[in-house]
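S.K.: Two chains, two separate frames, one set of hints: put the complex together.
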Amino acid sequence: MKPFRANMLVCAGTGCVSNKSFKVKLALEQEIKRRGLEDEVLVAATGCQGFCERGPLVIHWPDGIFYQRVSEEEIPMLVTEHLIKGRPYKNLMYAPGAAEAPIPKLADIDFFKYQRLIVLRNRGIIDPELIDDYISNDGYMALHKALTDMTPEGVIDEITMSGLRGRGGAGFLTGFKWGICSKARDQEKFIVCNADEGDPGAFMDRSVLEADPHAVIEGMALGAYAIGAQTGYVYVRDEYPLACQRITRAIRQAEEYGLLGDRIFDTDFSFNIKVVRGAGAFVCGEETALMASIEGRMGKPRQRPPFPAQKGLWGHPTNINNVETWANVPLIIMRGADWYASIGTEKSKGTKIFSLVGKVNNTGLVEVPMGISLRKLVFDIGGGIIGGKELKAVQTGGPSGGMIPKELIDLPVDYEKLAEAGSIMGSGGLIVMDETDCMVDIAKYFLAFTTDESCGKCTPCRVGTKAMWNILDDITRGRGKKGDIELLKEVAVNVKNLSLCGLGQTAPNPVLTMIRYFKDELEAHIKERKCPTNKCTKIAPAPCQKACPIGMDVPTYVALIAERKLDEALEVIRWDNPLPAICGRVCPHGCEYECKRGTIDTPISICSLKRFVVDYQRARGADIIPRKEAHGREKVAIIGSGPAGLTVAHDLALWGYAVTIFEALPEAGGMLRAGIPGYRLPRDILDIEIDVIKKLGVEIKTNSSVGANAIPLDDLKKQFSAVFLSVGAHKGLKLGIPGEDNFEGILDCITFLRGVNIDKNMNKPGGKVAVIGGGNAAMDAARTAVRLGCEEVNVIYRRSHAEMPADPSEIESAIEEGIKINYLVQPTKVIGDKGMVTGIECVRTELGEPDLSGRRRPVPVKGSEFMVNCDVVIPAISQAPDLGFLAKGHGFKTTRWSTFEVNPETTSIQGVFAGGDAVSGPATVIEAIAAGQRAAVSIHNYLRKGEDHRDYRIPRSYKKMPQVSLSNEEQSSLRRPEMPHIPVAERKGTFGEVALGFTLEAAVNEAKRCLRCDLE
Amino acid sequence: MVSVKIDGHELECREGTSVLEAARSLGIRVPTLCYHEALTPYGACRLCVVEIISGGRRRLAASCVYPVEEGLEVITDSPETHQARKATMEFLLARSPDSAYLRERAKEEFGITEPRFVLAPEDCSDCILCGLCVRACAEIVGVAAIDFVMRGIKSQVEPPFLKGSDVCIGCGTCVQVCPTGYIQVEHISRIAAAHEFPKIGTESISDHAVKCRVCGAYHLGSAFPKDYNRLLANV
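Those sequence lines, one after another, are chains A and B.
Numbered according to our numbering, the first sequence spans residues 50 to 1065.
Numbered according to our numbering, the second sequence spans residues 7 to 241.
Derived by calculation from the structure, the hints in this document are not laboratory data.
Each residue gets a CB set at the ideal place from its N, CA and C atoms; glycine is no exception.
Each hint should be verified, as a subset may be incorrect.
As the list claims (entries may be wrong) - Keeping only pairs whose Cα atoms sit at most 25 Å apart, straight-line, the calculated SDA-like set for lysine to any residue is: (1) A/Lys-72 with A/Gly-135; (2) A/Lys-545 with B/Cys-133; (3) A/Lys-584 with A/Asp-856; (4) A/Lys-162 with A/Glu-102; (5) A/Lys-360 with B/Pro-73; (6) A/Lys-538 with B/Glu-115; (7) B/Lys-169 with A/Ala-668; (8) A/Lys-568 with B/Val-124; (9) A/Lys-531 with B/Gln-89.
To be verified - If you want the ones that stay clear, here's a sample from chain B, every Cβ over 12 Å from chain A, calculated: (10) His-15; (11) Arg-35; (12) Gly-62; (13) Asp-83; (14) Glu-110; (15) Asp-172.
Looking at chain B on its own, in the form it has when it is part of the complex (with noise of 0.2 Å):
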C-alpha cells in the first residue's frame, strides 16, 4: 500500500492504482474522455490532467495513467488543469467540429463553442481517437479486427490494410463505446451488419455474437437497448 495526498485529502491505495482511480475513490470528480473503467487506460486524450508535485517538482500529467506512489501529492483542480483541459477540448474540437457530443461536452464543462483554429476538412472526423473501441475489441471482445492507421493528423481507427476485416464478429461493441456515435450499424435485410465500420463479411453474424464482460449480455448489433451507451458510461 502507498499513502498519497489528493486535493489535500491523505489516501492509502493499493500499488498500481491510478491517480485518477484513487482520486474518483473519493468521490472527486475529473473529467476523462478515452478512459473507461472496463478497459486498460491509454492516457491519449488528455482531458484528465490533474498536477502531480512528486520530487520537487510540479507538473501536470495524465491521471488515467499515472501510477501512485509514496508521497505523492496531486491536485486535481486549479486554475492550471481547468486551464489545461480547456486546451485540450478546444483541440479535440477543432478536429471534431461537427460532433453533438463534444460540442456539448465543450460548451458546458468548458464554455467553447467554436476552437480559435481550423484544421482542413481532410483533417477532421467525428472520430475522437480516444481508442475505447480499439482497446474494446482487443480486450473485451478479443478479435483485434480494428486498431490505430496512419500517424499525426492522419491517424484513423480502421481494420488492417483499411480492408474488410474478416476477423470481426459484427457483435457491434466498438458501436456501443464510441462516445461520438462515428461508428455506425446499418441495416441490411434481415441481419445487421456493421456497414461504415467495422466492414464484415455478411455470413455467420448471429452464430458469433458473444457475450460481453461488461454487462454480461448477448451482443449482437440491433439487439441493444437504446441507452446502452449510458449504462456502458455507468458501470
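If we strip away everything but chain A, and leave its shape as in the complex, we get (with noise of 0.2 Å):
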C-alpha cells in the first residue's frame, strides 16, 4: 500500500450520508486534487462514527483532528488550513456549548471518551467496502484460528463462558443456544442473523453493518461453523439500502476470497450466506415471524416451543443470533473468554452499543461497557439535556422497554438492572425525555407503534393494545374517567400475560411503567383534566383553558364580552374563579403564552378582559355575590388569609359549611396585601374582594395568631371538624454571605413590604437602595423603593435576562422608572462602616452547567470583584413558610424547605389540611386558588366522608356559545389594545394603581379577536 503523509477520513453512515456527506468526500477530493496533494492525502469513506448528529464528520488522522458540520463551502478553508499550513481548522472543531472552547481532538471529546469499541472496533477506521482494510485489521484471523486450531464444541465453550448474551434484547445466553442447535440431529442446519432492526429511534444493526460487514460475517461463519450450518441468511430490512449493500458486497468479496464457499482455508468446511430483504414489519424481528418470512410465508410468529433449534427454517434446527452479536464474536475466538468476561458487570458481559436519542445534546451511536450507569450515559456521554432543560425519564428498549424515571439515573445498565425496573435492554434504542415530555402522551405513542405494527394473529395483543390505546386516547382528550389506570393496568397485565409473541409481551411495558413510576401525572389528566406539562392539547376544551391552572372557561367569557353581555359574562368568571378582579390585576398569565392568536399575530388580553368586566360592572352596581348551595353544615377553622384560605373559605361557604379564618395580621389578604403593593393592587379592590366573601358568612378575626404564644392549634381541632393551614410564605430567605448579620440597613423583602403595606410605618429607607432577586418580589420591592422617595435603586441578579423569573412587563416597567437592574452579578459581602451599610461586594457571573432547577448555573469570574454602593440592602431571594408558630411536637410532616408535606391534600395528622405557599414555597396568586380548590373538594369529601361525592374542578365550559361574527373590516383591522398607564413622572410618592384598565369599546374589539379554540 502507498503510504500517505495523512488520511481524511470521512464517515459514509447513514446519518452523514443524508447530510451530504459523499458531496463532501468529492468536494475534499477535488480540492486536494487541486492543490496537488493527492498523493500526499488520501481521502477515505469510513462506517458510521456514531456522532450523527454533528455530522458530515471528517477525521484527520495522525493527527485524530474530529471535524464535525463539515460543508462543501468551507473544504477549500479546510485544506489550507491543515492540509498545507499545518495548523487544524477551529472553526469545523466541535465545541460542547455555544460560549465553550472548541475541542481539537476526537480521543478528548466526552462523547468518544467514554466509550469502549469492541463490536464498533473498526468503525471510522476502515473502509467498509474493502475487504483489505478489514484482513489488515487483524479480519477473519478468528475464522482461520477457529477452523484450524479449534474444534466446533471448543467455539461454543469459548463463546458459552465468555458469557455473551443475545443483544437482540432478550439476553439468552448465546453459548448456550448454540449448544442446543449443534446438537440436533440433522443433516441441514441454518443460521440466520436478524438484522430486522425496527424500532424507532434504533439504528445500532444499521450502523455495524454499514460500518464493518465483515464483522457480521465472520461471526456467522465461526457459528455456522460451531453448530454444523452449511447456509446462513442475513434478514436485513430494506429501509436500509446502504447496509443492504454494503452486507451484500462484502459477501460478495469475500466469496472471492475463499472466506465464504467451499472447503474454506482447505478444511471440511463449507458455508454461504444469502441476503434476504425484510418488507419492514417490525414483528418479523421476532424470530418465528423472521423464519416464516424468509421461507416466503407470512411473517406472523408461532409457539415456541418447538424452538428455532429444534425445528427451524424448512424445519431444520436453525440458529437465530442479532447482528451486534454476531460481531462480537470473532473477538471473542482471538481474545479469548477470559479477556472478554473481564468486561461487563457478573451477568452481563462485554459492551452494548446503544443509540442515543431524544432530548440529549449528543444524540448518535455509542457503545459501552455493561453496567455503566444511565447518568454517565446521558450526562457525560450525551452531554446532558437540550436547552439545560431537567432530564424526566429514558426510555430503553424503545417501544417494547419501559420508562425508568430520573430517580433511577444511577442504575446499572444490564439484562436483570433493566428488568427489575420494568423495563427491557432491547436491542438497545435509549431514548431521553426531558421535563417538558408528557408520560401519557409518551406511552401512547409508543403504545400507537406496537399497536400498528401488532401481526393480528393472536387476540390479547390484536385487540388489547388497541384497547389499551383508546383508554390512554381518551385520558388525552379529557375523556377519562374513574377506573382507567386500574383497568389499563388490568388490560396491560392480560397482553402481557397471553400474548403469543414478544411484540405483544413486551407492547405493554410503556403502559406499565408509566403507571408504575408517573401515577401522579397520570391521574392529574384523569381526576383534574390537566395534563402538567401542557403536552396533550385536546385534554381541555381550549388552550387557555389547559394552561389556567384553575381551567377558567375563557373561550366562553370572552365570546360573551364580545356580544357585551357583561352580567353573564361576570356569571361565568365568577363560577370559575372566586378573586376575579385581583387575578386580573396579578395573574401571571400563562393562559396568553398558550393562546393560539398569539400564533396568528399576539394574544387576546385575557387577565385585562377579566378585569374589566369585574370592573365595570361593580361600577354600575351589578357585581354578583355567588349563591349558596346548602346551609347548616360543620365547622371550619382557615388558617391564615392569603388566596388560599379566601378560596376554601368561598368553596366551604358555598357549599353550606360554616367558616372563621384566623389571620395574625390587622387586615386580611395574606401576601395580597403585605405583599403586592396598591400600585399593582389597590386596596379597595382587595377589600371588595373580601367583603364578597365575607357576605357568604365567612368570619375573619384579624389579630388573631394561631400557635404556640395564642390561640392553640389543638383548640382549633376540637371546636372545629376541618383546619385548613394556609399560613403562605413570609419568611424571606438570607443571602448567606459574610457581613448580612452586621449591619443596619439590611431589610428583608417581605418585613420591607409588610412595613409599607400594612403597618404603615415604613418611610423612605435609604438613598441608595441594592435589591438583591429577580422574582416578582425584588421588582415589587424596588418599584415601592422608588416611590418612597429612594434617589438610586439597584437590582442585583445572579442570571441573565433570559432565566429571570419576574414578569417580563414588571421588568419592564421597573426600568421606565429608573431603576437599574444588573445581570450576571452576585453579591459576595456586605460592607459596611461604623454599623451602617455602606456597599454590597458583588462579582460578576457567566452561566455554566445547568443546576438541579434546569437552569445554567450562574459561575463567579474570578478578579471581576466590584463594589456597589449603597446604604440599604433588601435580599428578595424567596420566601419559606415561618412554621415559628407550631408548637414543640406538632406532628406535622414537613420538607427540607420547610413547607408543609401533603398526600395528597391532607396533612400528615387527620382533620388538617393545607396549601397554598405553605405547601408549595413561594407560587402565585393562581395557584394558591387552584390549590384552595382542591383543599376544598377534599375537605368537604373528609366531613362527608364518601356521600354527597364532589369531584375536583375540571376545566369545561359553562355554557356553548356561537362563534361571533366579524365583518371584513374588523376581521384585518382589530389589534391588541395597549394597556393606559399613568405616566411615570406621577408615580413617584404615589400608590396609585399604575394600569388604568380597558374602556367598553377596547374590551368588546379585544374579545372579538379571539378563535374560539372550544368551538373545534
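M.R.: See the structure below:
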C-alpha cells in the first residue's frame, strides 16, 4: 500500500450520507487534487462514527482531529489551514457549548472518551467496502484460528465461557443456544443473522452492517462452524439500502477471497450466506415470524416450543442471532473468553451499543461496557439535556421497553437491573425525555407503534393493544374516567401474559412503567383534566383553559364580552374564580402564552378582559354574590387569609359550611396585602373581593395568631370539624454571605413590603437601595423603594435576563421607573462602616452547566469583583413558610424547605389540611387559588365521608357560545389594545394603580379577536 | 412416547401430540375457539391457555399448539387459567360485540355480558379472525382462496388484493366452518354463490364441488344439512 502523510476519513454512515457527506468527500478530493496533494493525502469513506447529530464528520489522521458539520463551502479553508499550513481548522471543531472552547481531538471529546469499542472496533478506521481494510485489521484471523486450531465444541465452549448474551433484547446465553442447535441431529442446519431492526430511534444494527459488515460475516461463519450449518441468511430490512448494499458487497468479496464458499481455508468446512430483504414489518424481528418471512410466508409468529434450534427454517435446526451478537464473536475467539468476561457486570458481559436519542445534546451511536450507569450515558457521553432542561425519564428498549424515571438514573445498565426496573435491554434504543414530555402521551405514542405493528394473529395483542391505546387516547383528550387506571393496568397485564410472541408480551411495558413511575401525572389527566406538561392539547376545551391552573372558561366569557353580555360574562368568571378582580391584575396569565391567536399576531388580553368585566360591572352596581348551595353544616377553621385560605372559605361557605378565618395580621389578605403593593393591586379592590367572601357568611378574625403563643392549634381542632392551614411563606431567606448580620440597613423584602403595605410605618429606607433577586418580589421591593423616594435603586440578579423569573411587564415598568437591573452579578459580602451598611461587594458571573432546577448555574468570574454603593440592602431571593407558630412536637411532616407535606391534600394529621405557599413554597396567586379549590373538595369529602361526593374542578364549558361574526374590516383591523398606564412622572410618592384598565369599546373589540378554539 | 402429567393424571402420549389433545384424551374439557380437529392448530385465539410447568417455570401457554414433552406438568383448570380465558373472551367480545355466538359463549362460560372497553366501529367485525376458514380452504379444500390480509386490529380474511378470487370453487366450506356466521352465502338465481365472501365467478360452481375430507360429502353451498355446523364441530 502506498504511504500517505495524512488520511482524511469521511463518515459514510446513513446519518452523514443524508447530510451530504458524499458531496463533502467529492469536494475534498477535488480540492486536494487542485492543490496537488493527491499523493500525500488519502481521502477515504468509513462507516458510521456514531456522532450522527454532528454530521457530516471528517477525521484527520494521524493528528486525530475531529471535524464536524463539514460543508462543501468550508473545504477550501480546511485544506488550506490543516493540510497546507499544518494548523487544525478551528471553525469546524466540536465545542460542547456555544460559549466553550472547541475540542480539537476526537479522543478528548466526552462523547467518545467514555466509550469502549469492541463491536465497533473498526468503525471509522476501515473502509467498509474494502475487504482488504478489514483483513489488515486482523480480519478473518478468528475464523482461521477456529477452523485450523479449534473443534466446533471448543468454539461453543469459548463463547459460553465468555458470557456473551443475545443482543437482540432477550439476553439468552449465546453459547448455550449454539449448544442446543449443535446437538440437534439433522443433515441440514441454518444460521440466521437478524437485522430486522425496526423500533423508533434505534439504528445499532444498521450502523454495524454499514461500518463493519465483515465482522458480521466472520461471526456467522464461526457460528456455522460451531453448530454445523452450511447456509446462513442475513435478514435485513429493505429500508436500510446502504446496509443491504454493504453486506451484499462484503459477501461477494468474501466469496471471491474464498472466505465463504466451499472448503474454507482448505478445511472441510463450507459455508454460504444469502441476503434476504425484509419488507419492514416490526414483527419480523421475532424469530419465528422472521423464519416464516424467509420461507416466503406471511410474517406471523408461531408458538415456541418447538424452538428454532429444534425446528427452524423449513423444519431444520436453525440458530438465530442478532447483528451485534455476531459481530462480538470474532473478537471473543481471537482474544479469548477470559478477556471478554473481564468486561461488564457479573451476569452481563462485554459491551452494548446504544442509540442515544431524544432530548440529549449529543445524539448518536455509542458502545459502552455493560454496567455503565444511565447517568454516565445521558450526562457524560450524551452531554446532558438539550437546552439545560431537566431530565425526566429514559426509555430503554424502544417501544417494547419501559420508562426509567430520573430517580433511577444511577441504575447500572445490564439485563437484570433493567428488568427489575420494569424495562428491557431490548436491542439498544435509548430515548431520553425531558421535563416538557408528557409521559401519558409518550406511552400512547409507543403503544400506537406496537398497535400498528401487531400482526393481528393472537387476540390479546390484536385487541388489547388497541384497547389500551383507546383508553390512553380518551385520557389525553380529557375523557378519562374513574377506574381507567385499574382497567388499563389489568389489560396491560393480560396482554403481557397472554400474547403469543415477544411483541405482545412487551408492548404493555411503556404503559406499565408509566403507571408505576408517573401515576401522579396520569391521575392529574383523569381527575383534574390537567396535563402537567401541557403536551396533551386536547385535554381541555381550549389551550387557554388548559394553561390556567383553575381551568377558567376563558372562551365563553370572552365570547360574552364580544357580545356585550357583561352580566353573563361575570357569572362565568365568578363561577370559576373567587378572586377575579385580583387575578385580573396580578395573574401571570399563563393562558396568554398558550393563546392560539398569539401564533398569528398577538394573544388575547385575557387577564385584562377579566379585570374589565369585574370593574365595569361593579362600577354600575351589578357585581354578583354567588348563591349558596346548602346550609347548616360543620364548622371549619382556616388559618391565614391569603388567596388559598380565601378560596377554601369561599367554596366551603357556598357549600354550606360555617367558616372562620384566623388572620395574624391586622388586615385580611395575606400576601395579597402584605406583599403586593397598592400600585399593582389597589387596596379597595382587595377589600371588595374579601367583602364578597364575607357576605357568604365567612367570619374573618384579624390579629388572631394561632400557635404556640396564641390560640392553640389543638383547641381549634377540638372546636372545628376540619382545619385548613394556609399560612403562606412569609419568611425571607437570607443571602448567606458575610456581613449580612453585622450592620443596620439590611431589610428583608417581606418585612420591608409589609411595613409599607400593612404597618404603614415604613418611610424612605435610605437614598441608595440594592435589591437582591430577580423575582416579582424583588421588582415589588424596588418599585416600592422608588415610590418612597429612594434616589438610586439597583436590582442585583445573578443570572441573565432570559432566566429572570419576574413577569416581563414588571421588569419593563421597573426600568421605566429608573431602576437599574444588574444582570450576571452575585453579591459576595455586605460592607459597612460604624454599624451601617455602606455597600455590597459583588462579583460578575457567567452561566455554566444547568443546576437541579434546570437553569444554568451562575459561575463567578475570578477577578471581576466590584462594589455597589448603597445604604440599604433588600434581599428578595425567596421565601419559606414561617413554621415558628407550631408548638413543639406538633407532629406535622414537613419538607426540607419547611413546607408542609401533603398527600395529596391532607397533612400528616387527620382533619388538618394545608395548601398554598405553605405547601408549594412561593408561587402565584392563581396557583394558591387552585390549591384552595382542591383542598375545599378534599375537606368536603372528608367531612361528608364519601356520601355527596364532589369531584375536583375540571376545565369545562359553562355554556356553548356561538362564534361572533366579524366584518371583513374588523377582521383585518382589530389589534390587541395597549393597556393605558399613568405617566412615569406621576408614580413617585404615590401608590395609585399604574394600569388603568380597558374601556368598554376596547374590551369588546379585543374579545372579538378570540379564535374560539373551544368550538373545534 | 413421552409421559406428562395433566391435572394430576399421569399420561403417556405420542411425541408431537399437543397438550390439548392429550387433555381431551383424558376427557378434560378445555374451551377452544380457533381449534378444529380436522385442521392444523393455529394458537391464535388464546382461549385454550393452560398452565405449563416446565423447567421450574410456571407459565400460561396455548394448549392447542404446545407439544407434549417429557416430564411436562399441566394444569388446565385454575384461577389463573380461568382469569386468562375470561380476559381473552372479553377481548374477543370487544372486537365482535354483535356476534350472537360469541355473546352466548361469553355469557354462559364467563359471565361477561359487555366488554369494559370499546373499539371504534371500524375496528369491530363479526369475523373473530379464528382462521378456521383460511385453514379449511387451504388444507381441506386445497385451494387457499382466502387468507388474512392487513395487520393488527385491521386484520381481515379476504381473497388476495381484496378482489374476487379466481381459484374459489364455491364449495362453501368456509361458510360451514365459520363459528360466528360472518361468512354468508347468498342465492343468486339457480346456483349458490358466496356473495359476501368469497367472491366468485358465476360459472362452473357446481362442476367444481369437492368432496370434504372431514364428512365425506360433496360440498355445494345450498346442499348442506342445516345442522352441519354442529356435526362438523363434533367430529
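S.K.: Could you run down the list of hints and mark each one as holding or not?
M.R.: So, going through the hints one by one against the coordinates:
1. A/Lys-72 with A/Gly-135: Within the cut-off at roughly 24 Å; holds.
2. A/Lys-545 with B/Cys-133: holds, 24 Å
3. A/Lys-584 with A/Asp-856: holds, 23 Å
4. A/Lys-162 with A/Glu-102: Satisfied, since the Cα-Cα distance of roughly 17 Å is no more than 25 Å.
5. A/Lys-360 with B/Pro-73: holds, 12 Å
6. A/Lys-538 with B/Glu-115: holds, 24 Å
7. B/Lys-169 with A/Ala-668: Violated, at roughly 74 Å.
8. A/Lys-568 with B/Val-124: Holds, at about 23 Å.
9. A/Lys-531 with B/Gln-89: With Cα atoms ~23 Å apart, A/Lys-531 and B/Gln-89 stay inside 25 Å; holds.
10. His-15: Non-interface label stands for B/His-15: nearest chain A Cβ at 22 Å, farther than 12 Å.
11. Arg-35: B/Arg-35 clear of chain A: closest Cβ-Cβ about 20 Å, beyond 12 Å.
12. Gly-62: holds, 16 Å
13. Asp-83: holds, 17 Å
14. Glu-110: The assertion about B/Glu-110 holds, with a minimum of 18 Å to chain A.
15. Asp-172: With a cut-off of 12 Å, B/Asp-172 remains clear of chain A, as the shortest Cβ separation is near 20 Å.
Hint compliance for this structure: hint 7 is the single one not met.
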